[in-house]
Amino acid sequence: MYFTDRGIEELENRRGEEEVSLGWVAERLREFVDLNPDFEVPVERLATWLARLDDEDEDDV
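First residue of the sequence shown? That's 495 in my numbering, and the numbers climb one at a time after it.
No wet-lab data here; the hints were simulated from the structure. Take these hints with a grain of salt, some might be off.
Claimed, not checked - Across the chosen pairs, the derived CB separations fall in these ranges:
#: 1; residue 1: Glu511; residue 2: Asp532; range: 29 to 35 angstroms
#: 2; residue 1: Asp549; residue 2: Asn507; range: 29 to 35 angstroms
#: 3; residue 1: Glu538; residue 2: Val514; range: 16 to 22 angstroms
#: 4; residue 1: Glu534; residue 2: Glu511; range: 26 to 32 angstroms
Beta carbons are placed, not taken as given, at the ideal position from N, Cα and C, and that holds for glycine.
Can you make the complete structure from the sequences, with help from the hints?
This is the structure:
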């Protein structure tokens, strides 16, 4: 288990049964970056990765 998995597991355990919109998640990410500007790049990468999950593999283009 990676160190970061603990936070993911806590999120799943505490809020895994909830249904939220991606708009709500986007607002929470913006709020997090406002409070923690040093994490802007990793949050941006995560958001971009999530947004493009259904895109064709870019290596094949």
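Practice task
Take a look at whether the Cβ-Cβ distance between glutamate 534 and glutamate 511 falls inside 26 to 32 angstroms.
Solution key: The hinted range 26 to 32 angstroms holds for glutamate 534 and glutamate 511, with Cβ atoms some 30 angstroms apart.
Exercise for the section: For glutamate 511 and aspartate 532, compare the CB-CB distance with the range 29 to 35 angstroms and indicate the outcome. Expected result: Given range 29 to 35 angstroms: holds, Cβ gap about 31 angstroms.
Practice task
Kindly confirm whether 16 to 22 angstroms is satisfied by the beta carbon distance between glutamate 538 and valine 514.
Solution key: holds, 20 angstroms
Problem - C-beta pair aspartate 549, asparagine 507: status relative to the range 29 to 35 angstroms that was hinted - result: At roughly 31 angstroms between Cβ atoms, asparagine 507 and aspartate 549 fall inside 29 to 35 angstroms, so the hint holds.
The structure is consistent with each of the numbered hints, conforming to all of them.
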